[in-house]
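**Student:** Chain by chain, the residues run as shown.
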Amino acid sequence: MFNLIFIDLKQSIASYRLWTLLGWLEIRQRYARSRVGPFWLTISMGVMIGSIGVVYGSLFGQKMSDYLPFLAISLVMWTMFAQTVQEGSIAYINSATYIRQAATPKLIYVFQVMWRNLVILAHNFIIVLILLAVYGVKDWAVLPVFIPALLLYLANALWVAMLVGLLSARFRDLPQIISALIQIAFYVTPIIYRPDSLKRFSFIVELNPLAHLIELVRAPLIGQMPSLTTWCVAIGLAVAGWTFALAMTGRYLKRIPYWV
Amino acid sequence: MAFIELKGACLDLPIYDVQGRSLKKQVLRMGRRNTIAEDSDGVVVVKALDNVDLRFEAGDRIGLIGRNGAGKSTLLRTMAGIYAPTRGTVASNGKIVPLLDISLGMDDNSTGMQNIRLRGLLLGMTDAEIKAKTESIVQFCELGDYLDLPLRTYSSGMRVRLAFAVSTAVDAEILLLDEVMGVGDAAFMHKAQERLHDLHSRAEIVVLAMHANSEIRRVCNKALWMDGGRVRAFGPVEEVVAAYEQHVG
Chain A
1 MFNLIFIDLK QSIASYRLWT LLGWLEIRQR YARSRVGPFW LTISMGVMIG SIGVVYGSLF
61 GQKMSDYLPF LAISLVMWTM FAQTVQEGSI AYINSATYIR QAATPKLIYV FQVMWRNLVI
121 LAHNFIIVLI LLAVYGVKDW AVLPVFIPAL LLYLANALWV AMLVGLLSAR FRDLPQIISA
181 LIQIAFYVTP IIYRPDSLKR FSFIVELNPL AHLIELVRAP LIGQMPSLTT WCVAIGLAVA
241 GWTFALAMTG RYLKRIPYWV
Chain B
1001 MAFIELKGAC LDLPIYDVQG RSLKKQVLRM GRRNTIAEDS DGVVVVKALD NVDLRFEAGD
1061 RIGLIGRNGA GKSTLLRTMA GIYAPTRGTV ASNGKIVPLL DISLGMDDNS TGMQNIRLRG
1121 LLLGMTDAEI KAKTESIVQF CELGDYLDLP LRTYSSGMRV RLAFAVSTAV DAEILLLDEV
1181 MGVGDAAFMH KAQERLHDLH SRAEIVVLAM HANSEIRRVC NKALWMDGGR VRAFGPVEEV
1241 VAAYEQHVG
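For the record, the sequence lines run as chains A and B.
Here the first sequence stands for residues 1 to 260, where the numbers follow our numbering.
Here the second sequence stands for residues 1001 to 1249, where the numbers follow our numbering.
By construction, these hints were calculated from the structure, which means they are not laboratory data.
Errors might be hidden in some of the hints.
Here are some, though not all, of the chain B residues that point toward chain A, as calculated from beta-carbon distances under 10 Å [said to hold, decoys possible]:
#  : residue
1  : Asp1012
2  : Leu1013
3  : Val1018
4  : Ser1022
5  : Ala1080
6  : Tyr1083
7  : Ala1084
8  : Pro1098
9  : Asp1101
10 : Gly1105
11 : Asp1108
12 : Pro1150
This one's a predicted model, so the numbers in the text were calculated from it and none came from an experiment.
Just so you know, even glycine gets a beta-carbon here, dropped at the ideal spot from N, CA and C.
So here's chain A without its partners, still in its complex pose (with noise of 0.2 Å):
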């Protein structure tokens, strides 16, 4: 089962001609012929990172040159992770024709996806690099650590897309419950308000693996180095989840043309 998968996500990364290809077309349709292009998404982005933040920022009494850049890289990252696994639920249903036409490996519709909303996440990257211009740079020593904290989180999101895909090709009801479970991660999760002001229900917090995984990539940007409690549940997700994704995806990789 896991030769199978292997060859498969062998065989998929070595066709990332195509899958680069697949998701710039999906962004090209949705903003085709809009002269901003795809920097609606920046702008809209922005729009709510601003507004959110002067409400919120005055209900928690926050000081805004420290609670402005906090809340644009956590949503930033977070709608990065969200629409990856959301849209990952759909990657093999809404890929069907090709799936049923032609016998390309199957993981490239989730990379597809995947590649999808890396792109996207650099053009809203933008907000995050211009909030750090404006209110200064906390810490240079830490901030390369971003670079592997940003890979394990993709390496997170994309076990989780494999696995709702595979699963919601079977089960049509699941993307609408994945969603639904979205909404709530979202509010349970310290994205707007920071991990320590929940006081007496801190096991929200210290409990859920998200808020670990947005505490990875944020805090090396806010000049923090993530803790090692914090590194250990990203890394043990990933090699869990991988391999659970990998050994779920082998084992029904070849139903996956008869569900779609």
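Start from chain A and add chain B according to the hints.
**Tutor:** Relative to chain A, chain B alone:
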């Protein structure tokens, strides 16, 4: 040498209805098995291929015949590796290219040139191959400057021309074709025939599903008659097609 071999291949296609598709229903069902109202699990299984034994060798030009729903397309998809057989094995040697839907993956908002690359990648060509073939594709489809316009501005005839030109540029050792298509106007038709002939001659094995018996007699040297997911007859084209025609009446 290229070959395809099916040994005792069976293929059960599960057809899910809404109930079988729902995780909620499946979970609820676990609690109350055997109650009458919730009995059906919403999955109907259709036997699309039933114990198919075949071997195609290099040089074979096989015409697939049989009425609608006899399993011709399923057989092609199984040979292409899209569907894995439920039981039995499919072994093959050589690059297999299925041309089941020639306009698969054409994108409306991309230009003709971009579509050539997209379609080429989907057919399993590399960028270098696509580059090498672009010239001949451009010449063949005769679309000229239109190739720099988005596909949505094309007429349906022009789309088919482009799709046909890219699809038939592929190099395959084993070529699987489904219902080759009426293409464009009369002048183009003639060119398309030649192009198809050329495509066939480059491949070592060609499998062709078609309803036009005269065409099969002309192109193929063997014929395979499918009936209800089984092989009804397989042999020299004249014999099998004649038997089929007699059967259909």
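**Student:** Next step is simple, just say for each hint if it's right about the structure.
**Tutor:** The hints, checked one at a time:
no.: 1; hint: Asp1012; result: holds, 9 Å
no.: 2; hint: Leu1013; result: holds, 6 Å
no.: 3; hint: Val1018; result: holds, 8 Å
no.: 4; hint: Ser1022; result: holds, 5 Å
no.: 5; hint: Ala1080; result: holds, 5 Å
no.: 6; hint: Tyr1083; result: holds, 6 Å
no.: 7; hint: Ala1084; result: holds, 4 Å
no.: 8; hint: Pro1098; result: holds, 7 Å
no.: 9; hint: Asp1101; result: holds, 5 Å
no.: 10; hint: Gly1105; result: holds, 6 Å
no.: 11; hint: Asp1108; result: holds, 8 Å
no.: 12; hint: Pro1150; result: holds, 9 Å
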